[in-house]
Amino acid sequence: MRLIKNFKCSKHMSEACLPYFKKHFRSEFNPLFFEQIFSPYHLQISSEIFNACQNFIKTFYQHTRTMPIAYKNEAERVIDSAKTTDSSVLMAYDFHIDSNNQPRLIEVNTNAAGYLPINLLHMAHDLTPDTDYRSLKMSFISEYQQVYPHKTPKHIFITDENIEEQNMYPEFLMFKDIFNSWDIEATITDYTNFSLKNNKLYHNNSEVDFIYNRFCDFLLSRPESKDILGGYLHGSACLTPHPKEYLRMADKNRLIELSHEDLNFSKFLIKTFNNFSSSDETWSNKKNLFFKPARSHGGKGVYRGKKLTKKVFERIMNSGDYIAQEYVPAQEFIYDEQKWKTDLRFFVYRDEIQLSSARIYTGQVTNFKTPNSGYAPLEII
1 MRLIKNFKCS
11 KHMSEACLPY
21 FKKHFRSEFN
31 PLFFEQIFSP
41 YHLQISSEIF
51 NACQNFIKTF
61 YQHTRTMPIA
71 YKNEAERVID
81 SAKTTDSSVL
91 MAYDFHIDSN
101 NQPRLIEVNT
111 NAAGYLPINL
121 LHMAHDLTPD
131 TDYRSLKMSF
141 ISEYQQVYPH
151 KTPKHIFITD
161 ENIEEQNMYP
171 EFLMFKDIFN
181 SWDIEATITD
191 YTNFSLKNNK
201 LYHNNSEVDF
211 IYNRFCDFLL
221 SRPESKDILG
231 GYLHGSACLT
241 PHPKEYLRMA
251 DKNRLIELSH
261 EDLNFSKFLI
271 KTFNNFSSSD
281 ETWSNKKNLF
291 FKPARSHGGK
301 GVYRGKKLTK
311 KVFERIMNSG
321 DYIAQEYVPA
331 QEFIYDEQKW
341 KTDLRFFVYR
351 DEIQLSSARI
361 YTGQVTNFKT
371 PNSGYAPLEI
381 I
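Just so we're aligned: 75 in the numbering used here is position 75 of the sequence shown, and the numbers increase by one with no gaps anywhere.
Hints are not guaranteed to be accurate.
[What the hints assert, rightly or not] Listed next, with one range per pair, are the computed distances between beta-carbon atoms:
id, residue 1, residue 2, range
1, S47, E74, 42 to 50 Å
2, D177, Q145, 54 to 62 Å
3, K151, K267, 21 to 29 Å
4, H24, R222, 55 to 63 Å
5, E74, I381, 48 to 56 Å
6, N285, N180, 27 to 35 Å
7, N275, E185, 44 to 52 Å
8, N180, P19, 18 to 26 Å
9, R315, D177, 41 to 49 Å
10, R2, A82, 38 to 46 Å
[What the hints assert, rightly or not] Derived DMTMM-like pairs (lysine to aspartate or glutamate); straight-line CA-CA distance at most 25 Å:
id, residue 1, residue 2
11, K5, D336
12, K197, E165
13, K22, E164
14, K5, D80
15, K58, D98
16, K22, D94
17, K151, D98
18, K306, D321
19, K287, E74
20, K72, E326
21, K287, D343
22, K271, E76
23, K300, E35
24, K252, D80
25, K226, E352
26, K58, D343
27, K287, E332
28, K300, E332
29, K267, D280
30, K252, E207
31, K369, E35
32, K271, D94
33, K287, D321
34, K5, E332
35, K137, D86
36, K226, D190
37, K252, E352
38, K200, E76
39, K252, E326
40, K286, D98
Simulated from the structure, these hints should not be mistaken for lab results.
Where is the CB? At the ideal position from N, CA and C, for every residue including glycine.
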């Protein structure tokens with residue numbers, strides 16, 4: 001693996017992306033957004049690493065189709081019983097590369113952000129993008145037609161909470177543009193604006209049959225989510241990504257089950273557990289562990305064990321809501337007199353990689369606060 005600075009992009013990422021943005025999107029260009037989330041670097045990885053990740057994703061996906069879900073409660077059983085035939089758009093697999101050059105799966109994400117701007121980044125770096133967003137379009141149309149065979153989507157609702165306050169709000173506008181370019185009307189709306197009547201889902205007085213879900217209530221367990229959940233369970237709307245796919249693939253409890261099985265892809269997995277039978281033993285081994293909430297996103301509430309105080313450790317032990325993973329450090333590079341960490345993120349539909357990216361950062365967890373940190377494209381060599 002090698003970190004490289006693209007001097008075409010090194011001064012202002014927004015300037016590098018602007019011509020490609022104008023070609024594909026009609027919303028107002030927000031230069032600050034691109035400066036905040038993009039790195040001027042790109043990462044080279046070998047074709048061996050890329051192919052290993054792709055092969056693992058295929059095997060992992062197929063395994064999770066048939067592996068029973070160990071329900072933690074009745075709500076999970078109900079979600080698993082949903083007669084959905086769709087997968088989920090824009091799944092994201094995050095990997096670290098260990099000291100033996102072996103990809104190790106950190107986690108799988110539903111509701112992943114960043115595909116549209118990262119694809120522009122590939123264009124700006126003269127790397128292989130999802131040309132004209134054909135792969136993305138195929139995935140959305142395929143999702144819809146698995147619920148409504150032989151129909152073409154006419155209207156899609158893009159939903160999250162507090163949408164205009166989201167850091168990735170400019171991407172919501174970009175998605176609206178891209179859907180419109182496919183002759184699909186698009187409405188950006190808060191998740192609380194849906195209502196269920198006679199087992200059909202409505203937005204105001206319009207019936208809803210297609211939702212692009214960016215809301216991180218992964219199992220739609222909040223009281224305010226009950227109408228969307230009802231529409232999903234009754235099959236009255238195509239919801240993507242959806243809760244069943246989260247249970248199958250992205251729930252960290254799933255990683256616990258998988259990491260303790262003897263599988264033909266076990267070398268990609270990181271030992272994960274939530275059975276802290278001895279807090280003294282866990283404390284003594286904490287430097288080799290990484291602690292995360294069982295259901296969270298965006299690096300919230302995560303801790304490197306080595307840096308845990310006794311007070312925070314005891315809170316984690318008593319919460320009943322944390323998992324621990326074997327600590328596999330991100331690869332590090334020195335560039336421009338700065339130590340950088342990087343992980344790999346692959347956007348995936350079903351079992352095929354659609355777009356490859358890296359996240360370049362400093363510190364304990366992934367964040368883009370340091371100048372020149374951010375998303376970066378991958379070059380496969």
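Checklist line | Straight-line alpha-carbon gap K252 to E326, limit 25 Å | finding: With Cα atoms ~13 Å apart, K252 and E326 stay inside 25 Å; holds.
Check: Okay, N285 versus N180 on CB: inside 27 to 35 Å?
Finding: Once the Cβ atoms are compared, 53 Å apart, the range 27 to 35 Å for N180 and N285 is violated.
Note to self: Against the 25 Å threshold, does the CA-CA distance of K252 and E352 hold or violate the hint?
What the structure shows: 22 Å, holds
Next item on the list: Evaluate the given range 55 to 63 Å for the C-beta pair formed by H24 and R222.
Entry: This hint is violated: roughly 34 Å between Cβ atoms.
Next item on the list: Indicate whether the distance between the beta carbons of N275 and E185 respects the range 44 to 52 Å.
Entry: 49 Å, holds
Margin query: Tell me if the straight-line CA distance from K22 to D94 falls inside 25 Å.
Written below: 30 Å, violated
Notebook entry, point to check: Is K22 close enough to E164, meaning Cα to Cα at most 25 Å?
Noted result: The given pair, whose Cα atoms are some 22 Å apart, holds under the 25 Å limit.
Item checked: 48 to 56 Å as the expected CB spacing between I381 and E74, which holds or is violated -> 50 Å, holds
Check: Quick one: are S47 and E74 within 42 to 50 Å, going by C-beta?
Finding: 46 Å, holds
Note to self: With the threshold set at 25 Å, check whether the alpha-carbon distance from K151 to D98 stays at or below it.
What the structure shows: Answer violated: K151 to D98 is near 46 Å, above 25 Å.
Check: Does the structure keep K271 and E76 at a Cα separation of 25 Å or less?
Finding: 24 Å, holds
Margin query: Hint check: K369 vs E35, CA-CA at most 25 Å. Holds or violated?
Written below: Distance of about 11 Å is within 25 Å: holds.
Hint check: violations occur at hints 2, 3, 4, 6, 12, 14, 16, 17, 19, 25, 29 and 30; the rest are consistent with the structure.
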